[in-house]
Amino acid sequence: RMDVLREFKQTHLLRLSAALCSNAIDVVQLGRSLSSLAETIIDEACVMAWQTLSLKYGQPEVDDTEGAITPGFGVVAYGKLGGQEMSFNSDLDLVFIYSAVDGQTNGVKSIDTRSFYVRLAQKIIHILSVRTRTGVLYEVDMRLRPSGNSGLLVSHIEAFADYQNNDAWTWEHQALIRARCIQASSLLANKFEHIRTKVLTAERDIKLLTDVKAMRKRMRDHLLKTSRDKHQFDLKQGIGGIADIEFLVQFWVLKYASKMPDLINRTQCLTLLKALEKVPELSNMPLGDLAEHYACLQEKVNYLALQKLPAMATITELNAEAITQVERLWLDVFGPEHELD
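Be aware that the sequence shown starts at 61, since it is given in my numbering, and climbs by one per residue.
In short, the hints are calculated from the structure, not lab data.
If you're wondering where the values come from, they're calculated on a predicted model, not measured in any experiment.
Where a beta carbon is used, it is the ideal one built from N, C-alpha and C, also for glycine.
Among these hints, one or two may not hold up.
[Stated by the list, open to error] The calculated BS3-like cross-link candidates involving lysine-lysine, where the alpha carbons are at most 27 Å apart (straight line), are: (1) K319 with K334; (2) K273 with K296; (3) K116 with K183; (4) K360 with K267; (5) K338 with K273; (6) K334 with K273; (7) K360 with K69; (8) K273 with K319; (9) K319 with K258; (10) K315 with K296; (11) K267 with K315; (12) K334 with K296; (13) K183 with K69; (14) K360 with K273; (15) K334 with K360; (16) K258 with K315; (17) K338 with K368; (18) K315 with K360; (19) K296 with K319; (20) K267 with K338; (21) K273 with K258; (22) K315 with K368; (23) K277 with K360; (24) K334 with K315; (25) K69 with K267; (26) K258 with K338.
[Claimed, not checked] Label-pair ranges, simulated between beta-carbon atoms: (27) G208 with V107: 27 to 33 Å; (28) R203 with L284: 52 to 58 Å; (29) N209 with G348: 35 to 41 Å.
Sequences and hints are given; from them, build the entire structure.
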């Protein structure tokens with residue numbers, strides 16, 4: 061079954077590649093289609109993992125089963141999948157949650173509920189990321205779970221709420237903007253969305269600006285690809301590139317969502333930029349230009365990914381004026397980096 065999933069993915073990637081190259085779809089449609097493909101594969105991985113563990117251990121005692129492939133358990137998508145902006149080489153940023161109370165599974169070889177869900181998560185990750193003769197489905201990144209790599213693989217929904225409300229860093233709330241519960245019962249999905257809404261619509265103080273600015277600097281220092289050719293530009297991490305636009309959008313959402321909670325009903329950067337046009341304080345911001353530049357950069361990233369090339373381009377291939385506009389806007393909003401010191 062794992063090889064069948066990989067063949068299924070490759071077939072659809074070929075179809076979407078042809079559609080992009082023939083201009084039958086644009087970058088927004090591509091991102092949504094690739095995200096939908098990933099969600100379908102994750103659903104099947106959940107089914108496979110649940111069946112395997114249920115045969116071995118039985119199932120947890122759960123009342124909350126409506127709409128659930130994996131009763132009492134949920135998958136939250138962050139990053140590109142959460143924002144429905146996946147490209148051809150995107151990883152999966154996932155967080156696993158559960159709502160079942162403490163107890164035991166009902167099989168002959170019974171284990172406690174939390175251990176069952178941890179093993180379920182481990183099995184799902186294995187199905188998605190193990191290499192078979194037909195390749196790997198996706199790389200899975202779990203670092204956005206509460207407490208990162210040192211945190212539990214699966215979080216109870218109440219512990220997740222407590223962490224987000226009391227212990228999470230600002231950058232984790234930035235990540236939550238793009239988060240969607242893509243597999244869970246209706247009740248668990250609603251609980252997650254309630255937590256997300258409460259966190260993202262909370263009023264922010266002046267510390268928000270310095271936190272976002274500091275995190276962007278750390279990310280650029282760590283991830284920015286450098287080239288001996290000064291005319292080469294890192295599409296994702298370069299100054300005036302994709303990440304700068306995303307950080308600006310996330311800053312504005314966190315700053316204004318307490319007054320305009322409708323902002324958080326979207327997870328995709330381009331739709332967020334459109335929604336931000338309704339914020340009176342941003343009426344003079346070039347949000348339409350940002351959206352156009354962002355879409356162009358994303359399209360370039362996808363074409364390079366098709367060729368298995370890094371997200372680098374020469375300045376002459378890009379809109380240098382748009383890059384400069386983002387750089388200037390960043391300085392207007394956040395000020396120069398040295399002000400962090």
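Hints, verified against the model:
no.: 1; hint: K319 with K334; verdict: holds, 17 Å
no.: 2; hint: K273 with K296; verdict: holds, 17 Å
no.: 3; hint: K116 with K183; verdict: holds, 13 Å
no.: 4; hint: K360 with K267; verdict: violated, 35 Å
no.: 5; hint: K338 with K273; verdict: holds, 24 Å
no.: 6; hint: K334 with K273; verdict: holds, 23 Å
no.: 7; hint: K360 with K69; verdict: holds, 22 Å
no.: 8; hint: K273 with K319; verdict: holds, 22 Å
no.: 9; hint: K319 with K258; verdict: holds, 13 Å
no.: 10; hint: K315 with K296; verdict: holds, 24 Å
no.: 11; hint: K267 with K315; verdict: holds, 11 Å
no.: 12; hint: K334 with K296; verdict: holds, 21 Å
no.: 13; hint: K183 with K69; verdict: holds, 19 Å
no.: 14; hint: K360 with K273; verdict: holds, 26 Å
no.: 15; hint: K334 with K360; verdict: holds, 21 Å
no.: 16; hint: K258 with K315; verdict: holds, 14 Å
no.: 17; hint: K338 with K368; verdict: violated, 39 Å
no.: 18; hint: K315 with K360; verdict: violated, 30 Å
no.: 19; hint: K296 with K319; verdict: violated, 31 Å
no.: 20; hint: K267 with K338; verdict: holds, 24 Å
no.: 21; hint: K273 with K258; verdict: holds, 23 Å
no.: 22; hint: K315 with K368; verdict: violated, 38 Å
no.: 23; hint: K277 with K360; verdict: holds, 24 Å
no.: 24; hint: K334 with K315; verdict: holds, 16 Å
no.: 25; hint: K69 with K267; verdict: violated, 43 Å
no.: 26; hint: K258 with K338; verdict: holds, 21 Å
no.: 27; hint: G208 with V107: 27 to 33 Å; verdict: holds, 28 Å
no.: 28; hint: R203 with L284: 52 to 58 Å; verdict: violated, 19 Å
no.: 29; hint: N209 with G348: 35 to 41 Å; verdict: holds, 39 Å
In summary, the numbered hints that this structure violates are 4, 17, 18, 19, 22, 25 and 28.
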